[in-house]
Amino acid sequence: MKTIYQRLVSISLFFIVFAGCKDDLSSLDTDKIAAVEVDTVGQSVIYVFQFETLVVDPKINTNGLPAENLVYEWMINSDPGSIDYLSISNEKKLEYEVSFRPTDAGDSHQLLLKITDTQTDLEYLTAWPLIIRNSVGEGVVIAETHDGTTTDISHLMSPQVTPNYNQETIRYNVFSSVNGYTLPGLVQQLRFTQIQGSGQTMLGSTSNSLFTIKTLDYTFDKQNEELFYAPQSDYGAQFLGGVVQNDMMVINNQLYANWLQISKYGLPFESAYPIPAHIAINGWNNYPNVVTSFYSESHDIFVYQQSPSSFGDRVFRPVPAVTDGPFNPNDVPRKINVAAGVYSNGDFLHLLKDEQSGELALYVLAAAEYDNVNWVVIPSKPRALITFAGAPEVDKAEFFLLLDDQNVVLYATKNKIYAAMYGTSIPTYALRYTTEAGEEITSLKVYQQADYPMRTSGEPYFSRNNRQLIMGTFDGDQGRLYIMPLINQGEAWIDVANIKRYSGFGRILTTATQR
1 MKTIYQRLVS ISLFFIVFAG CKDDLSSLDT DKIAAVEVDT VGQSVIYVFQ FETLVVDPKI
61 NTNGLPAENL VYEWMINSDP GSIDYLSISN EKKLEYEVSF RPTDAGDSHQ LLLKITDTQT
121 DLEYLTAWPL IIRNSVGEGV VIAETHDGTT TDISHLMSPQ VTPNYNQETI RYNVFSSVNG
181 YTLPGLVQQL RFTQIQGSGQ TMLGSTSNSL FTIKTLDYTF DKQNEELFYA PQSDYGAQFL
241 GGVVQNDMMV INNQLYANWL QISKYGLPFE SAYPIPAHIA INGWNNYPNV VTSFYSESHD
301 IFVYQQSPSS FGDRVFRPVP AVTDGPFNPN DVPRKINVAA GVYSNGDFLH LLKDEQSGEL
361 ALYVLAAAEY DNVNWVVIPS KPRALITFAG APEVDKAEFF LLLDDQNVVL YATKNKIYAA
421 MYGTSIPTYA LRYTTEAGEE ITSLKVYQQA DYPMRTSGEP YFSRNNRQLI MGTFDGDQGR
481 LYIMPLINQG EAWIDVANIK RYSGFGRILT TATQR
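This note's numbering applies: residue 1 is where the sequence shown begins, and numbers increase by one.
The hints are simulated quantities; they were obtained by calculation from the structure and are not laboratory data. Watch out, some of these pointers could steer you wrong.
Here are the simulated DSSO-like pairs of lysine-lysine, each with C-alpha atoms no more than 27 Å apart in a straight line [claimed, not checked]:
(1) Lys414 <-> Lys335
(2) Lys214 <-> Lys264
(3) Lys396 <-> Lys416
(4) Lys445 <-> Lys414
(5) Lys445 <-> Lys500
(6) Lys93 <-> Lys114
(7) Lys381 <-> Lys414
The structure presented is a predicted model; accordingly, all values stated were derived computationally and were not measured.
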């Protein structure tokens, strides 16, 4: 179907050719040859959005030629200006999903219709310039696998995840459609960012690789050593995040950051403490006194870093000991990091599991302050310790979400979502959702716009920001994506009646949002 035609097409073929026959002015008697005429209906240029179906149904005057003698072939050149053509249809009416990248300003593909009269072998050709526009905007990016070893990327736009949009558009397997292959390995981390020289990208990671994809057209951009000034021993990131003016990542228990989204990362920060995969970074645009906070499993203490920027204080320091708080941040023995986050007031949230008992507890460190007299940062102090003893099936939980605007931890087993509410002195628990029989939860996140909470423009966030869950499931045959509204602030009920479900994916590995 998509055989490449490698042939020289002369400039004259860019227009209607063989539309008629020149009269023979000799003395010989000849019959006129009936000509096929294509009415372009005023379409001198054809426009189509990338990944949408191009439909062209031209009016064709066969001038009495038998329809059974005519063979149709639609072709498009592989690149603007190229003389290599792909055969894309043999129907009179063209319906073709366009996966080529958007054309640059001033460029166009050439769409060619060839009609062959099988009785005379005459070919009638009509050509149109074809301009492809970008159609992938703000929405949800889905990393999925169809074979268990490689990753493809799909994309969803809908009123639930795309502001000022009233349609539902799914671009299945958008990455492989554009690039002709799937990503090696299984994507574990994915986030939207902007990189100098590449523009808006999805930065992603497998267990042993780091890569970027341009969101303009979903072409593969860079990978591994191309993203660093110096070669690294490993490129698989355990954490990807960002704050105002900085992208941050954890690779091999080392923290990296780049400033103003420059094209490459430098060396990792020096640290006496191995950096875990679960760290809390304060991305709010009010320039907090402490940006990074984490629990050190090797030292049994909490550690902080004031700033990842080159002009800031990048030293890692222990949170000072206290004896009169809910816990001593300098003495928290034998815990395992489960999840970390930042509350909307700047407090650091650390969900830890006891190595021996398996009991979960939420350690809350207050936002750091600043001493305007001595010009020094006052490190975080313990604010609260909430234990989740008795939480149902928490020992089977595989996903944990720390909501940043209500006192709720959501956790999910393979087929259930629970809410742990800690707004009172004693936490309460409730089952919020059970999947359909045979469905396993493979991904679960709170919906947040890609630049949350870093936005500095003053533009308000989408009303659904922080108000719904994005869940992926798999039933052994196909993956499904769910958009699940959250209602009843402080209790995180799931509005089951208004859940949106989308099918046809592979096993969903993770999701992210893009702008």
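Do the hints match the structure? See the list:
no. : hint              : verdict
1   : Lys414 <-> Lys335 : holds, 24 Å
2   : Lys214 <-> Lys264 : holds, 15 Å
3   : Lys396 <-> Lys416 : holds, 10 Å
4   : Lys445 <-> Lys414 : holds, 14 Å
5   : Lys445 <-> Lys500 : holds, 15 Å
6   : Lys93 <-> Lys114  : holds, 12 Å
7   : Lys381 <-> Lys414 : violated, 36 Å
Checked against the numbered hints listed earlier, the structure breaks hint 7 alone; every other hint is satisfied.
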